[in-house]
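**Student:** First to last, the sequence lines map onto chains A and B. Sequential numbering of the first sequence, starting at 1, is according to this note's numbering. Sequential numbering of the second sequence, starting at 1, is according to this note's numbering.
It is worth saying that the hints were derived from the structure and are not from the lab. Please note: incorrect hints may appear among the correct ones.
Intra- or inter-copy, both count: the list cannot distinguish identical chains.
As the list claims (entries may be wrong) - Quick list of in silico lysine-lysine cross-link-like pairs, DSBU-like style, CA-CA up to 35 Å: (1) LYS233 <-> LYS336; (2) LYS233 <-> LYS277; (3) LYS336 <-> LYS277.
Take a look at the letters that make up each chain.
Protein chains: 2
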Amino acid sequence: MTSSTALLTDRYELTMLGAALADGTADRRCVFEVFTRRLPHGRRYGVLAGTGRVLEALADFRFGDEELSWLEREDVVDQRTLAFLADYRFTGSMTGYAEGEIFFPHSPVLTVEGTFAEAVLLETLVLSVLNYDSAIASAASRMTSAAIGRPVLEMGARRAHEQAAVAAARAAAVAGFAGTSNLEAGRRYGIPTIGTAAHAFTLLHDDEETAFAAQVASAGPGTTLLVDTYDVKRGVERAVAAAGTGLGAVRLDSGDLGVLAQEVRAQLDGLGARDTKIVVTSDLDEYAIAALAVAPVDSYGVGTSLVTGSGAPTCGMVYKLVAREGADGRLAPVAKASTQKTSVGGRKTAARRLDPATGRAVAEVVVTGDDAAVTAWQPGAGLRGLVVPLVVDGVVQPGWTGAEGVAAATVRHAASRDELPRGARRLSADEAALTTETRTV
Amino acid sequence: MTSSTALLTDRYELTMLGAALADGTADRRCVFEVFTRRLPHGRRYGVLAGTGRVLEALADFRFGDEELSWLEREDVVDQRTLAFLADYRFTGSMTGYAEGEIFFPHSPVLTVEGTFAEAVLLETLVLSVLNYDSAIASAASRMTSAAIGRPVLEMGARRAHEQAAVAAARAAAVAGFAGTSNLEAGRRYGIPTIGTAAHAFTLLHDDEETAFAAQVASAGPGTTLLVDTYDVKRGVERAVAAAGTGLGAVRLDSGDLGVLAQEVRAQLDGLGARDTKIVVTSDLDEYAIAALAVAPVDSYGVGTSLVTGSGAPTCGMVYKLVAREGADGRLAPVAKASTQKTSVGGRKTAARRLDPATGRAVAEVVVTGDDAAVTAWQPGAGLRGLVVPLVVDGVVQPGWTGAEGVAAATVRHAASRDELPRGARRLSADEAALTTETRTV
């Protein structure tokens with residue numbers, strides 16, 4: 001298997017390319033825009049994640065011999081198209097919201113500009129990455145918000161496609177998760193990894209005492225012992241007996257976690273293990289985390305609900321042609337006119353309007369109008385510009401990819417969320433926290 | 001990036017391995033079982049998918065220099081564990097349900113046997129693959145069932161992680177989808193690929209006539225023209241004008257598809273394009289497909305709801321230690337005893353009990369008891385055995401992987417679904433279509 005990302009693409013993109021190369025429209029300059037028409041039901045904001053991964057995948061979007069020979073053998077495209085693909089490099093530009101930024105319906109989170117040929121090919125890959133990663137980050141942000149400062153840890157790899165799991169760990173980190181169980185996410189993106197033992201380790205041993213002794217001998221008393229394989233009360237006794245009062249943490253993975261945490265805290269304190277922390281796992285989501293706010297819990301491990309977007313496993317982002325060069329050589333806005341899925345044509349940019357007194361966001365401003373005016377538009381007083389350059393003439397700009405990109409996105413998301421109006425972080429179903437205003441220039 | 005799958009693993013597996021190597025329990029013979037405690041709400045059966053991908057990933061589960069140096073640098077494990085990982089090869093065995101087979105709660109869909117060290121490492125990867133792929137296949141089977149013979153096409157890549165999308169296309173094929181838009185799925189697994197044009201192609205051109213003419217010139221009159229960019233009625237007129245009455249198909253991607261299909265069918269027939277087919281897309285799921293049963297629709301394209309499991313984006317499969325060699329050298333059943341998540345210890349096998357008169361399934365039979373007796377158990381009259389060898393002493397058995405595995409799983413799923421009791425395929429929420437009986441030997 002090659003590392004090329006070029007076939008992570010819907011066939012119709014190549015079919016369109018073939019027809020456009022044949023009739024001479026392939027070279028028309030085009031502007032594609034990524035946006036969503038709505039947030040998942042009840043959600044108050046979305047979190048953009050995956051931009052760094054899009055830029056990483058762009059570097060591997062090459063049609064090599066393996067890809068070309070398969071396309072030829074399967075008769076997917078003609079010889080002219082194969083020749084174009086062999087030389088394919090994206091030489092256009094991308095601008096967009098910075099990763100970690102909050103978005104709303106119709107926020108222009110990514111704009112791709114280039115010839116039709118070079119820009120249309122990226123549709124599927126760009127959407128796959130942004131739709132999945134943003135779905136996860138949007139759910140993750142609600143979880144870190146509900147945890148009001150307590151660390152939240154990502155443990156969902158087993159409930160997601162094995163590569164999606166790595167992306168989920170990355171998106172969770174962007175939204176403030178403190179660590180992940182996923183080793184590959186640690187390696188690729190520098191996210192701290194965590195993990196000590198499962199029930200299998202206790203069951204492997206002849207009894208719980210032996211298992212705990214083995215873990216402490218190997219990992220030191222600062223480890224986390226999983227105490228609910230048999231009986232939690234006995235488990236806690238044995239854990240402190242094995243590690244001493246310097247035991248790092250105990251983990252609870254079943255039962256009524258609120259009640260159990262109270263009991264275990266009291267038991268640990270009674271045993272003198274006052275600094276031993278309590279980690280809870282077991283089908284947590286943002287609501288369960290919120291419900292545990294008054295329980296003596298030190299950190300939360302989240303799995304299934306994180307990697308499945310807590311009820312919203314994908315965003316509805318689309319990649320739409322909004323402007324293209326016509327027969328007259330001029331860039332003109334275009335938009336589909338069918339009844340239900342209307343779009344607004346033309347290039348856009350955006351800013352967040354801030355209350356000058358509090359510094360808090362009051363509206364999302366989407367700027368549209370004359371192409372040159374939109375391109376030249378600068379946010380004035382009381383506005384924070386949202387659109388930044390990501391790729392300039394085919395060159396990926398520095399700072400967005402790899403571990404560096406994730407770290408910057410994490411800081412950015414925290415700031416963007418803090419800027420939202422008070423009440424924007426409520427978990428119960430409500431409208432988007434900001435309304436979107438259109439400004440024509 | 002290497003092609004190794006070894007770090008698609010939760011850190012705690014390596015931590016447990018390190019402790020078990022230190023205390024001598026790493027070599028204990030173990031039996032791990034993959035099963036689910038329940039089906040998603042209202043679902044009547046699950047479809048096992050991903051087995052072939054597990055076996056493919058197993059071949060790449062190697063700790064190379066890149067993986068080992070990262071683990072060492074991050075101090076994830078000690079030197080003894082690094083040495084073990086450097087030589088890691090799975091030398092154990094796997095048995096399980098054949099891919100495409102239908103499963104129910106507590107069906108032992110996969111059993112992994114080996115030393116603790118070699119088997120515990122595979123937990124995350126095995127679950128990631130089976131949980132995602134089976135979630136997709138389980139949803140896909142309801143869709144192909146609802147389509148009552150009309151082709152269903154997979155078009156969801158843009159709504160899933162880019163690699164998950166390939167697995168989703170594969171799982172959909174197992175459950176009877178006729179094709180996919182995903183080129184990489186075509187290349188890897190030999191699934192037929194489909195796709196012609198998006199709205200962007202029409203918008204790229206100065207008018208719809210020019211766009212249709214270009215597509216027909218490039219792809220021939222047998223192509224599928226997307227007719228709802230502007231006005232469907234005009235679009236259909238222009239489509240037949242461009243391609244003639246031999247036009248392959250028109251695609252409808254918005255609006256009230258049932259009404260629209262009636263109108264478009266009448267219009268096509270009136271224009272003499274009686275053989276031109278109608279393809280519908282636009283947020284279809286199994287319920288929308290069922291609702292279109294009486295509409296003159298020839299095939300369905302499904303995206304979002306397929307790749308997100310139509311409300312159930314993951315299975316709840318777990319990987320549990322059910323038996324292990326004790327200090328006495330004998331294999332003994334083990335099970336966690338916490339309140340909510342009880343498991344049944346011991347190795348299992350399974351069969352489907354059939355009605356001798358009709359040949360239809362009447363119950364799922366899970367066989368448990370004495371380890372040697374379970375291993376030796378053979379299904380008698382009226383039972384169809386479900387458990388097959390997948391890996392024997394580290395050697396992947398032929399026929400399960402690649403395109404060959406997908407093709408066989410597709411045939412198998414159709415047969416297994418046909419064997420279910422009448423009524424098992426109803427879409428409305430209900431109990432599992434078969435009850436699970438436990439037989440002790």
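**Student:** Which numbered hints turn out to be false for this structure?
**Tutor:** Violated hints: none; all satisfied.
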